[in-house]
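Given the sequences, and given the hints that come with them, work out the whole structure.
These are the residues of each chain, in order.
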Amino acid sequence: DTEVTQTPKHLVMGMTNKKSLKCEQHMGHRAMYWYKQKAKKPPELMFVYSYEKLSINESVPSRFSPECPNSSLLNLHLHALQPEDSALYLCASSQGLSRGPNSPLHFGNGTRLTVT
Amino acid sequence: KQEVTQIPAALSVPEGENLVLNCSFTDSAIYNLQWFRQDPGKGLTSLLLIQSSQREQTSGRLNASLDKSSGRSTLYIAASQPGDSATYLCAVKGSGGSNYKLTFGKGTLLTVNP
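Top line first, the protein sequences correspond to chains A and B.
Note that the first sequence covers residues 1 to 116 in the working numbering.
Note that the second sequence covers residues 1 to 114 in the working numbering.
It should be emphasised that the hints constitute simulated quantities derived from the structure, not laboratory data.
Owing to the predicted nature of the structure, the values given are computational and were not obtained by experimental measurement.
Each computed DSBU-like pair below joins lysine-lysine, with the alpha-carbon atoms no more than 30 angstroms apart: (1) A/K38 with A/K53; (2) A/K22 with B/K101; (3) A/K41 with B/K101; (4) A/K38 with B/K101; (5) A/K9 with B/K101; (6) B/K101 with A/K18; (7) A/K53 with A/K18; (8) B/K1 with A/K41; (9) B/K101 with A/K53; (10) B/K106 with A/K22; (11) B/K42 with A/K40; (12) B/K106 with A/K38; (13) B/K68 with A/K41; (14) B/K68 with A/K40; (15) A/K53 with A/K19.
Set out below in structure tokens:
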């Protein structure tokens, strides 16, 4: 069992829908990440939160909107997506950016998103 | 820009065989290197993390080595089992201004045949 929990496991949405992906961890980690993974490709970093503040946005389109309500939760709000946004969206956490550069990343099992 | 290469892209072995997966990276200024396992349609499971000051890490049948100066790491799997079948990814975390970012290789797809 993974210590990072993502919901839902699967999501199908139309291009006009608004949906949200959720991620939760209770390891006391202060850095949380969103990654996107296309089939047979490595994960690509999207966003990094450190102490509940957005630290890094890897030039992600505005139709993806992250939110960190508290230190245990991370959301990714989706609106007006395109079919090419279909992918596995992975959440990860680590101890922290400045205090724990050598701490490992712990990944969730991801949300399989299909945009129709 | 850091680039990570994994060789081979795919590997098929009979059960019980010992095997080695290779990972190379272009910029030796790293904090650490992490090996992950990914089952189809699933997330990544961390296997081993080697800090830049370390030479190797072991967990059970897995042993990972790091030669930072030459930009190489290997993952050794002893006595392989069908349950080891998965994609294995290595990722390096850069030092300097990019201490947040993991750069992944494309992975090695391992199949262990019973």
